[in-house]
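J.: Protein sequence lines, in the order shown, are assigned to chains E and Z. With the first letter of the first sequence counted as 1, position 10 gets the number 10 in the working numbering; the numbers rise by one all the way through. To convert, count from 1 in the second sequence and add 1000; that's the working numbering.
Listed next, with one range per pair, are the computed distances between beta-carbon atoms:
hint: 1; chain 1: Z; residue 1: P1039; chain 2: E; residue 2: G63; range: 24 to 30 Å
hint: 2; chain 1: Z; residue 1: T1028; chain 2: E; residue 2: P8; range: 36 to 42 Å
hint: 3; chain 1: Z; residue 1: A1078; chain 2: E; residue 2: T86; range: 36 to 42 Å
hint: 4; chain 1: Z; residue 1: L1002; chain 2: E; residue 2: G51; range: 20 to 26 Å
hint: 5; chain 1: E; residue 1: L96; chain 2: Z; residue 2: T1073; range: 25 to 31 Å
hint: 6; chain 1: Z; residue 1: V1080; chain 2: E; residue 2: G63; range: 38 to 44 Å
hint: 7; chain 1: E; residue 1: V60; chain 2: Z; residue 2: E1044; range: 22 to 28 Å
With a straight-line cut-off of 27 Å between C-alpha atoms, the simulated DSSO-like cross-links for lysine-lysine are:
hint: 8; chain 1: E; residue 1: K57; chain 2: E; residue 2: K9
hint: 9; chain 1: Z; residue 1: K1003; chain 2: Z; residue 2: K1100
hint: 10; chain 1: E; residue 1: K57; chain 2: Z; residue 2: K1100
hint: 11; chain 1: Z; residue 1: K1056; chain 2: Z; residue 2: K1068
hint: 12; chain 1: Z; residue 1: K1056; chain 2: Z; residue 2: K1100
hint: 13; chain 1: Z; residue 1: K1068; chain 2: Z; residue 2: K1105
hint: 14; chain 1: Z; residue 1: K1003; chain 2: Z; residue 2: K1056
hint: 15; chain 1: E; residue 1: K9; chain 2: Z; residue 2: K1041
hint: 16; chain 1: Z; residue 1: K1105; chain 2: E; residue 2: K9
hint: 17; chain 1: E; residue 1: K70; chain 2: Z; residue 2: K1100
hint: 18; chain 1: Z; residue 1: K1056; chain 2: Z; residue 2: K1041
hint: 19; chain 1: Z; residue 1: K1041; chain 2: Z; residue 2: K1017
hint: 20; chain 1: E; residue 1: K14; chain 2: Z; residue 2: K1041
hint: 21; chain 1: E; residue 1: K71; chain 2: Z; residue 2: K1041
hint: 22; chain 1: Z; residue 1: K1100; chain 2: Z; residue 2: K1068
hint: 23; chain 1: E; residue 1: K57; chain 2: Z; residue 2: K1003
hint: 24; chain 1: Z; residue 1: K1056; chain 2: Z; residue 2: K1105
hint: 25; chain 1: E; residue 1: K71; chain 2: E; residue 2: K9
hint: 26; chain 1: E; residue 1: K57; chain 2: E; residue 2: K70
hint: 27; chain 1: Z; residue 1: K1041; chain 2: Z; residue 2: K1003
hint: 28; chain 1: Z; residue 1: K1017; chain 2: Z; residue 2: K1105
hint: 29; chain 1: Z; residue 1: K1003; chain 2: Z; residue 2: K1068
hint: 30; chain 1: Z; residue 1: K1100; chain 2: E; residue 2: K71
hint: 31; chain 1: Z; residue 1: K1100; chain 2: E; residue 2: K9
hint: 32; chain 1: Z; residue 1: K1056; chain 2: Z; residue 2: K1017
hint: 33; chain 1: Z; residue 1: K1105; chain 2: Z; residue 2: K1003
hint: 34; chain 1: E; residue 1: K57; chain 2: Z; residue 2: K1105
hint: 35; chain 1: E; residue 1: K57; chain 2: Z; residue 2: K1041
hint: 36; chain 1: Z; residue 1: K1041; chain 2: Z; residue 2: K1100
So these bits of chain E aren't anywhere near chain Z, every CB distance computed over 10 Å:
hint: 37; residue: N1
hint: 38; residue: T15
hint: 39; residue: T20
hint: 40; residue: L22
If you are wondering where the hints come from, they were derived from the structure by calculation, not from laboratory data. Backbone N, C-alpha and C fix where the C-beta goes; we use that ideal spot for every residue, glycine too.
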Amino acid sequence: NAGVTQTPKFRVLKTGQSMTLLCAQDMNHEYMYWYRQDPGMGLRLIHYSVGEGTTAKGEVPDGYNVSRLKKQNFLLGLESAAPSQTSVYFCASRPLARETQYFGPGTRLLVL
Amino acid sequence: ELKVEQNPLFLSMQEGKNYTIYCNYSTTSDRLYWYRQDPGKSLESLFVLLSNGAVKQEGRLMASLDTKARLSTLHITAAVHDLSATYFCAVDISGGSNYKLTFGKGTLLTVNP
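Extracted from the complex, chain Z is given alone in its bound form:
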């Protein structure tokens, strides 16, 4: 059974600081996804990582994937209040056949002034 664990589950940051969210998974996969969810809203796709060593960046967020360690990181640089949201990682172990995703529990990020 695939397990996807995110750390931390709750993160309170000050504006301007850097931090990293970790996503560990228990079964071999080379497909990992990051989503953002604002309170009461739907999920928005942030990054799709499809190979070992993949790195993607968008604004103050950067995601990376290490398939050998079964680990993905979401790094936040110089946080701003607008980044406050819940961040989910999700893993696909179907090998690209039906693209079923298993989600972590999410990391609730609060950025304080």
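Same shape as in the complex, but just chain E:
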């Protein structure tokens, strides 16, 4: 199993550009999450999904959209990137029967 993978690993955007971050998991997990991590901060939840076709807002959802059309994929979109969205983005997934969230390797995003 590859576990949780994230694409891309690193990206530079200009203000106003759009992009989509892809999270994929091959463990058949029901729950998936997107977090952002900023220096000196813990992780903050952006959006999450409790199953295919469902999404919900987390703590800091503004400026982001998500979709979960397939169970194994959870996409995070930035429609018009802003410098404040410069961050490291982590995806995580969790199975129904276990408490632990499994994290991907992260995507570093720089918005100029």
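For this one, chain E is given, so just place chain Z on it according to the hints.
T.: Below, chain Z alone, put in the same frame as chain E:
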């Protein structure tokens, strides 16, 4: 609004010494998690504590949960350099419905020879 506070935020230890990291949270919960993050890496799950009085140990690390005090501790015994990392606690107040986690800011642990 749930607040999760870790103390200390920075900890420099000598090898062989013991120390404790504290995690306080502001809202009732019986689900608390500890994660480790190495520089530039992802998060690795260390412990899952699911009830009052829960205690778990792995190697030189031991975690405990007191839900009445809303406090979890991560105790380090006889620290070694390999334990240098950032440690996060995280709390779930969803009651087991959607398992959303709120993280503390992390404790950067440096173990010196």
